[in-house]
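Residue numbers (my numbering), protein chains in the order written: chain A, 1 to 306; chain B, 1 to 306; chain C, 1 to 306; chain D, 1 to 306; chain E, 1 to 306.
None of these hints come from the bench; they were simulated from the model.
Please note that the accuracy of each hint is not assured.
Same chains, same label: a pair holds when it works inside one copy or across any pair of copies.
Stated by the list, open to error - Derived BS3-like pairs (lysine-lysine); straight-line CA-CA distance at most 30 Å:
id : residue 1 : residue 2
1  : Lys284    : Lys179
2  : Lys10     : Lys179
3  : Lys284    : Lys10
4  : Lys252    : Lys10
5  : Lys284    : Lys214
6  : Lys178    : Lys284
7  : Lys214    : Lys10
8  : Lys252    : Lys284
9  : Lys214    : Lys179
10 : Lys179    : Lys216
11 : Lys284    : Lys216
12 : Lys216    : Lys10
13 : Lys209    : Lys10
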Amino acid sequence: MEIKTATEQKSLLTTLAPGKRTRLRRLLFEFGPGHGTLLLLPIDQGIEHGPRDFFPNPASKDPEYQFHLAAEAGYSAIACQIGLATKYYPDYAGQVPLILKVNGKTDIPPSDEAFSSTNASVEDAVRLGADAVGYTLYVGSPRQDQDLHQLKGVREDCERYGMPLVVWAYPRGRDVEKKGGQNSFYAIDYAARMAMEMGADIVKLNFPKFDPEKDKDQPAPYNEMDLSPEEAVRQIVESAGRALVVLSGGSKTDDETVLGHTRTIMGAGGSGVIFGRNVWQREKSQALEIIGQIKETLLEHVRRIP
Amino acid sequence: MEIKTATEQKSLLTTLAPGKRTRLRRLLFEFGPGHGTLLLLPIDQGIEHGPRDFFPNPASKDPEYQFHLAAEAGYSAIACQIGLATKYYPDYAGQVPLILKVNGKTDIPPSDEAFSSTNASVEDAVRLGADAVGYTLYVGSPRQDQDLHQLKGVREDCERYGMPLVVWAYPRGRDVEKKGGQNSFYAIDYAARMAMEMGADIVKLNFPKFDPEKDKDQPAPYNEMDLSPEEAVRQIVESAGRALVVLSGGSKTDDETVLGHTRTIMGAGGSGVIFGRNVWQREKSQALEIIGQIKETLLEHVRRIP
Amino acid sequence: MEIKTATEQKSLLTTLAPGKRTRLRRLLFEFGPGHGTLLLLPIDQGIEHGPRDFFPNPASKDPEYQFHLAAEAGYSAIACQIGLATKYYPDYAGQVPLILKVNGKTDIPPSDEAFSSTNASVEDAVRLGADAVGYTLYVGSPRQDQDLHQLKGVREDCERYGMPLVVWAYPRGRDVEKKGGQNSFYAIDYAARMAMEMGADIVKLNFPKFDPEKDKDQPAPYNEMDLSPEEAVRQIVESAGRALVVLSGGSKTDDETVLGHTRTIMGAGGSGVIFGRNVWQREKSQALEIIGQIKETLLEHVRRIP
Amino acid sequence: MEIKTATEQKSLLTTLAPGKRTRLRRLLFEFGPGHGTLLLLPIDQGIEHGPRDFFPNPASKDPEYQFHLAAEAGYSAIACQIGLATKYYPDYAGQVPLILKVNGKTDIPPSDEAFSSTNASVEDAVRLGADAVGYTLYVGSPRQDQDLHQLKGVREDCERYGMPLVVWAYPRGRDVEKKGGQNSFYAIDYAARMAMEMGADIVKLNFPKFDPEKDKDQPAPYNEMDLSPEEAVRQIVESAGRALVVLSGGSKTDDETVLGHTRTIMGAGGSGVIFGRNVWQREKSQALEIIGQIKETLLEHVRRIP
Amino acid sequence: MEIKTATEQKSLLTTLAPGKRTRLRRLLFEFGPGHGTLLLLPIDQGIEHGPRDFFPNPASKDPEYQFHLAAEAGYSAIACQIGLATKYYPDYAGQVPLILKVNGKTDIPPSDEAFSSTNASVEDAVRLGADAVGYTLYVGSPRQDQDLHQLKGVREDCERYGMPLVVWAYPRGRDVEKKGGQNSFYAIDYAARMAMEMGADIVKLNFPKFDPEKDKDQPAPYNEMDLSPEEAVRQIVESAGRALVVLSGGSKTDDETVLGHTRTIMGAGGSGVIFGRNVWQREKSQALEIIGQIKETLLEHVRRIP
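Full structure from sequences and hints, please.
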């Protein structure tokens, strides 16, 4: 089965109210690589996976490392939880924009019924001078009713305060696993649409993985589709509509893959990347080097005007 | 067993407070086919089923397609979730009325205990200039207590702001399946009454399906009734009392079925139709053609003054 | 074992604050048979059982039938849910008092853990000009904690607004079934006391049924008691203390049973009856006839001054 | 193992804010036996056990019986639920102090996961002129998190309004049963401390029962302790610290046991007794007689100045 | 695998708003051993374990014992629940700072799904003159979503009132047990980071225990690490970042272990200790003696300026 696409996303910024537009422009044009792109540094792995993610580069255990890196290397924004935002961000206020993640959890319990409750508020973000709020939505989880309702409150507060909303859209839960898994094209495509329909301004997605064994469990017609990664990512970006898409990297991989993913997402009409471990699990000078290459790649492949 | 009916529904509009009346008149008389009819375009399949519903007509993946179609073809209203209402409706504000759906969910988890939490509010609808609010009620679900209580809040807000309330009344859940299934006459008849008694101004129902194998599981006397589709729909419309009834189409079918359903609902005293996939899974010119035929059919068979 | 009773209930009205007293006097003295009696017409079967209860008398499917009947035959009040109260009661405002039921549910899921969430508020009742509020309490359900807490809110609002509180006190749930069932003397006696202690002004109870097979499962000493129906009802009325008691009829039965139950409850010091299907499942003239007989019986057997 | 005790409880009243002190002094010195003692009459068995508790003395089914008895015999206070407080207490206002119990439940479902939700508020108590509020805490229940959080709200309201807080501290639930049972010294000792630490001013406890078969399941060192009832009660009173302790009687027993328990609790530094069925399951003159004996015993054995 | 650490924690106090800074300085410099250290006395074992913890030293059952000890021996603060804070702390107000613990529970039910609901509020702490609030977080529990959301409310109130937040960070629950247990280095390291990221100003942790049998169940690379206790504690302190760390002692042990732990935590850059049973399960003069030694050890090994 062949799927054709016909759309060219229109501008997001023109649909936004002044507060959101002001803040989002900072990320897209005033900080980071600019030209409408997003280069985001996430530092929430300490709660999502625990301190072990810092072991490959012990310096990274001190949040100073990431904040300094984000400011020095010129990121569009750094994304973290309330504790870091309160105790570490103040020294970097004004030097790099802040995305306050308002929910999160440890990975100790299984994720069959994944749900991440809020541990901070949009008001916290306003108070801390953040330029956006991050929310993790577990698309397809048996507890989606709680999740969607909680997101409602966050979204409404974002509208009240003119705060852009970044949704980490993660397919998750036992039913997702039965239908091809959390990394399937089906699941990520659905997550992209879901986040946009729930009011995300920016959607953070994982790069889909193709696995013939699991892909056949996807609902039709996904189970019969055979797309190139480039085409799949293009479809996913389209599913997110006017919401901007940033792709994440997952666990640390080689440079070529990192840059390849960057090319793919930009070529597909996405707006940028959010790489954590692939960056700060490296020693400082190496981190700065790969960041430089990512920025270059981003700017070379910009296709979309946000 | 033969069931006789004796009632002729009285006017709904005369029972409504000014705000509801003002807004509902827009849908019934000022937009769409008019003359007290309703032609509604739903575009919530992206969250209820995922992007795959757009594959038969790739153009339909861009919400622009549906908004433009609704405005161009002259719909009574377009129904969508908060994300589309915020990012796509503004360009069409005033050109086609908006029904903001305030709850929804993915179809990834099973629906044994179906419940759809709110992801938007009646205040959102007021702010966006909507003319009605849509709510999905899963009649008969084990979680009906949560659902009915949540609906209470939405209904009260609708009364506070003079916003008409459209209830998508869907029989659902493991106990419905044991009693003939979600498409049985029993279940849909019950859903019609339930929605009206809970305060719906308009009830959206599915066309009942007859299946001897499952119909015998319906509670008495439904299990022994043998009604024509026309008679069944007439009964269902009566169960909804003064609330107006619109019938939906479900997955894409042939033109004659679409028009036949339209005739049936109008002949039964219903107020209109809400066809999604049957319309926008077609290429634009074909969509416009079938819409024209539906409008004609609606107007030819109007029986009820709302 | 013989049980003696020694009490004569004192006046309820003298214990009530002005708002409750004013409204309750309307039901007891100004409408219906008067003289301190209650003749109530329930029309909530459409949600509690579905439309099938209307099949024996198709005219009854139109709520107009019951509202007109209540006004024409001179009822003390009509009891219904928010949808009917909003869309049908206005035409009869002032002609027959309204009891707004504020919770309810379908009977599609099993009632092992019965709980009926609120779908309307005491404020709704005030706005609609109701003279009382109705609440269904599932006595003994595993979810009694939710139920009693929810009732707290309704009761407090009733006190705030001077609104009489009518409690439909139904033993229900898996543990009730293990102890003799929902119609046992034990269960109904307990329900009567429970409703009064929770703040009911009027308690609606079912007529107990005697079934040697199940009665032996009742907790001691109920399992060894052998009372006449008259004596059992007298005990139950006593358990409700100063709260007034009305007895319901359940499914349609013959005239003599209807009138017999009326005699029994009034003779036991009860205040009236609430018959639904036994009345409106009859054709209009027959309904009016049995209503006339019930009223006569009520007035002939009044024993209690409320 | 021998346990020595070294403490002498200091005054509770001196630690209380004016509102609590004013009200509590009424119970301790102005009503009942006085001299810092408490003689409380509970009449909540109608909801906790049902009407069957009234069968041994049919007159007791009418709440008038208990209210009249409490006033006539000179009780420190009568404790009941909202329904009785609203409909029966007004006639006795000012003649006997009221303790409004704000939570309760039927005993129909099993108590494996016991939890008693609130059905009345501290504001209700203020409005009714009560001098204290009663709360049932199920210590050790799997639902303790709900219970403790609910108690927080009640305690805070008690502080807001200067209302003394009486905690019925009952070990309960499946895990208590595994550790020696709800009447074990271990469980009651724990309950005493828990209630005090949660903010109780007065703790109501059951008399511990010794049962070698079950006692060995108590956690160490309780499983190896061999205390006299007097010593056990003394320990329990100490565990409640500055909170006053009243002991209850449970089901009806003989006079000597009733008076013996009274001697024991007073000798142990407790403040009084709360006997229900042991009093009002007797005919009036017999009830008055045993009450006279209890009062005498209380006053003869006072050891503690509250 | 060898883990190197590279960080030196910066000052916490400089990142705090005035209210928090004022109060925290009292604990760190004005009371207790001073010089930026913390010597905390917990007396919440009465609810967390029951009265049996007081049996080794019967005098300790009277909360007076601990309050007097804390004031006399010169503690930085005493930590207790609302009941003790209300009834015992007033006599010591101004003599020793108070940390009000706002949640807690009995240990009667199993801790597979541990969650400790709040029983007091930050407002209670303000009213009582407390200088900090204590919160128990069960890191990794299946109910972490409730816990983290509840902590959000406490944290926000702490920010509103300038109240320092001390988090008792305890790994707990069935999934923790599957991954090496609640005392593993993995679990405690994770808990340290989690508490800091959730906004703790001070983190209270248990001393990790090494057990080859269980340690191999820890997630990689923890399962292959072989650290000295000193190194493990240093890692844990680093994981808590700018939040101060105090280590607890658990059940009573010998003097050398107590002092050894004190040396270890201070040498690792921690800020102090919180020993309960190790102190107050001793007779007064012995308690004072060990306290003196602990203070000396603390001051000798101070490494960190808070």
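Right, here's what the structure says about each hint:
no., hint, in the structure
1, Lys284 <-> Lys179, "neither (41 Å within a copy, 32 Å between copies)"
2, Lys10 <-> Lys179, "neither (32 Å within a copy, 48 Å between copies)"
3, Lys284 <-> Lys10, "between (38 Å within a copy, 20 Å between copies)"
4, Lys252 <-> Lys10, "between (34 Å within a copy, 29 Å between copies)"
5, Lys284 <-> Lys214, "neither (38 Å within a copy, 36 Å between copies)"
6, Lys178 <-> Lys284, "neither (41 Å within a copy, 36 Å between copies)"
7, Lys214 <-> Lys10, "neither (35 Å within a copy, 48 Å between copies)"
8, Lys252 <-> Lys284, "within (15 Å within a copy, 46 Å between copies)"
9, Lys214 <-> Lys179, "both (8 Å within a copy, 28 Å between copies)"
10, Lys179 <-> Lys216, "within (8 Å within a copy, 33 Å between copies)"
11, Lys284 <-> Lys216, "neither (42 Å within a copy, 32 Å between copies)"
12, Lys216 <-> Lys10, "neither (34 Å within a copy, 53 Å between copies)"
13, Lys209 <-> Lys10, "within (28 Å within a copy, 41 Å between copies)"
Hint check: violations occur at hints 1, 2, 5, 6, 7, 11, 12; the rest are consistent with the structure.
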